[in-house]
Amino acid sequence: MSITREEVAHLARLARISLTPAELDHLAPQLDQIITSVAQVQEVAADGIPPTSHATGVTNVFRDDVPVPCLTPEQALDQAPAVEQQRFKVPRILGED
Amino acid sequence: MSSELTRMTAAELSAALSSKEVSATEVTQAHLDRIAAVDGRVHAFLHVAADRALAQAKVIDAERQQGTVRSPLAGVPIAVKDVFTTTGMPTTCGSRILEGWHPPYDATITTRLKQAGAIIVGKTNMDEFAMGSSTENSAYGPSHNPWNLDKIPGGSSGGSAAAVAAYEAPLAIGTDTGGSIRQPAAVCGIVGTKPTYGGSSRYGVVAFASSLDTPGPFGRTVLDAALLHETISGHDPCDSTSIDAPVPPVVAAAREADVSGMRIGVVTELSGEGYQPGVLSRFAEAVELLEQLGAKVTEVSCPHFKYALPAYYLIAPSECSSNLARFDAMRYGLRTGDDGTRDAEEVMALTREAGFGAEVKRRIILGTYALSSGYYDAYYGKAQQVRTLIIRDFDAAFGQVDVLVSPSTPTTAFGIGERADDPMAMYLADLCTIPSDLAGNAAISVPCGLAPEDGLPVGLQVMAPVLADDRLYRVAAAAEAAFTGRWGHPLLAEAKGL
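Respectively, the protein sequence lines represent chains G and V.
So in the numbering used here, spot 32 of the first sequence is number 123, and the numbers just go up one at a time.
So in the numbering used here, spot 135 of the second sequence is number 230, and the numbers just go up one at a time.
Just chain V, with the same shape it has in the complex (with noise of 0.2 angstroms):
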């Protein structure tokens, strides 16, 4: 019975719950044997909280029995990026320089998870402040990919996704910058959702870059990563760019999963050239499925996306530089060389350099160069002009097609270790999720297959205009449906890793 637990959806886990076939302390009891049983080989989490996790899902039983039902998620396991701040739990965003802190307050989502009954089952392991495409950037070691285990799991949100895919967890929060949820989601085999930005509150996130950084769901099927994404949205007057609008009917959407008179475009900048092959003819597959079922396909272009990787690696590091400017080792966290005889400034340059790892060092100076004066108007300043670019482009696309596709990486999970001193290399992993994240719109990336070549999952990536996230689940839905129906399994199924 334990072992079936973990391997059902968070849907099929409300009806079982609703109908009370199961228990929540079952269900998180089952989930923590499965984290037990396998975390050490996958590294998903920095931090299990068993015993609050149980402590939860006895309330949750127990308002239950009295009739009380929170919402769909209550006594649903859900795993939490470790950069959303939760009270009772360490938050340390992979760092050295948060080791062993424990925040004064929850994040806005963490509160809604809370208030939905989700169970918080533990934090998970990430790129240090959010900055990485494996996990690898993490002071406490890499998360391993459960189709693989010397394979990366994607990053920054990599815990989040590898607990997911291991059945560690239905659920998971993460966020994206870059394509921080949408990248792992891809590479492995799973479901993830950058939503609008703005539609989900930034408040009580870890700041990493302030006009990027948005929290998303992941899930192992669509239907989930709606539920989900539906219980954490919504606008939250503690985050001034939080979007005070209706949360788009995204579980709707995903039920629906009909594509049917939907015009889709095929973005043209995003293949060819430094993509692997079996992820070209995946995503080729999954284009040609979304024709079958009546969407009516065209090829458009946008010619500025070739430019978003540039921009993004200098408004990012930019707003790294100033919103890293807190970690000063004077009110919280780590502080190194206070021997009575340095200053303060000598103190925090100690601490910095040895709280902060190397790729956060190496963007730090970057952002501090690209905004430096002399610098500002050819570097940043240019940067920002792309960023209108890039939006063009999608206005223009959006004004012919209602989303846009890509494949959501330009290849499957890499070896750990493999581009870890290679930044420039590192950075190409994002190369199709940046543009949805400098224009603030939404994006998801639903599995489509296996690459022939090394049998890894390859994602499709759907984009559509902010606020028209019911969008992404609608098509993400539909291509879910019909691939399951043709491979007879959810992808998911054929993972080997563990």
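In isolation and in its complexed conformation, chain G is listed as follows (with noise of 0.2 angstroms):
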């Protein structure tokens, strides 16, 4: 068992995805069973090998400070699912307390 059904549900708290208990039931073995499969990478990586997080090895791409024209307020609120005063509205962030 590589994971439980108890890692899985922190792991998705962690996700912010509020998994029902059925999904639980139902995901827990598949990520175990996936997991599983993925660990051969193990098999082969071996020590002294550098890792790749992307293929073009392009870093720093830097670009002129120049302003551009960008979004109006309009266009940045109009798929908001809730707007207040030319801002985005959302549920509280902080607790009573």
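No wet-lab data here; the hints were simulated from the structure.
Treat the hints with care, since some could be wrong.
[Stated by the list, open to error] Covered stretches of chain G, going by a simulated chain V footprint (3 or more residues, C-beta under 8 angstroms): (1) 104–113; (2) 127–137; (3) 152–164; (4) 171–180.
Even for Gly, the Cβ is constructed at its ideal location relative to N, Cα and C.
Dock the two chains into a complex; use the hints.
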């Protein structure tokens, strides 16, 4: 067993996904199977092999800092779930106390 | 006339438009009629932009009357995968979380298509956020393979492939992260290319795995794919991973279609157990054909390719778990459970629960696991090392040969529902295509016949070094010409699903 139901529940909380118990029952064994399978990478990846994060090798791409037109407030807020006083209106982010 | 127009290739339409035999309005209307007639059964489209397409066609016709022609694709219809942002049309990525979302800006590729005068007829169905190999992970239901409507059209760009194979559009755009262009092209019997990573802009492509995502073309012929490839390619300052180099001469290569003297390597590891017999026999025939056309064929071993699939299923979910954090119910998209009593985190978790499908959740959780402290080195770190080993395999191989070939997929199209709840079985569909995504090089799938056991299309994959995309078209066009000569007609003429 590479991953338990409790660990999957914890990961879902970290990822901000409110899984139902039924989903957990279904997902946990699938993830266990997938993780067991992908662990094959540990067979060949020996010390001393440099990691590749992306294939082009491009680093530090800069451009001139020139102001260009951007979205208007109306455009930026157009698809918002809720708007108030030209701002995104969101549920409270701090506790009561 | 209308049905004849939908059977024409993009290159043929371009010529007919140039000589004013037909108007862009007539061509567009013919394809909209075809969509209306067959898309109820194919479900290639999530959104059909009939009015906008006809308005755009009118503009192109007026320009042509005045002697202005924007590009060879001016007036040619195209279908766009629903992962590209498009102003004035919804962009859902096949997800409930973006249902009804109208993006405020165009993807660079959307802009380039519009500037070229291509007529965007609609947005195509896809596995949710491009995660899948069948379109069954679309929140809006699967697309169907025009060869057999009970079969999957591949994925994730399955709607784009199905639209082209069903003559709903001569061209389509997709994205390839682990095979999402080549696999659907193969199982739908059409041509699809994953360009060199960074050769086509990701700006405005809703991100799945940023180090892998590569937009590319679909066409019914190699030349059509090349024409679209050239139109969408080239440096984009809005994408910092875009390569600042000349676009490889893909159209010229497609027209040359000559493999004499080319060194072609057959990848040992991409065949054998797990491959359908009919796929292997058609592939062997294709290799024989290339040899007859003057290529020098050798077998080449890429010993680490068997670790590509496990490495991919760590790297792609890791990147997706980070990228999809943006769907937080705060600024756009779905918001669920905001009843005034819940705080932002609870609303976020309820929204992501309601808005994401099973595969997306699986991958986000897998990626969260692979990146978490204590597991990072053992999983994500090791997968990145395997990525280096795969690049080294390619480098060694391309020291001996000009291109590599393999089947595009281990099997032909499987049945809708057959692998839907077996993630590992579904992942195997991308066995042959993933190595090129991890290495960032270029690869194409071109039809090479029908598997005798099920009568479904088989794809030949050709892989080329970074920025040698033109070699793909040279080989694929030569194979296409020889095969079409042998069959007496394009493969797609045998499709009987519609």
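### Message
Please list, smallest to largest, the hint numbers that this structure does not respect.
### Response
As far as the earlier hints go, not one is violated by this structure.
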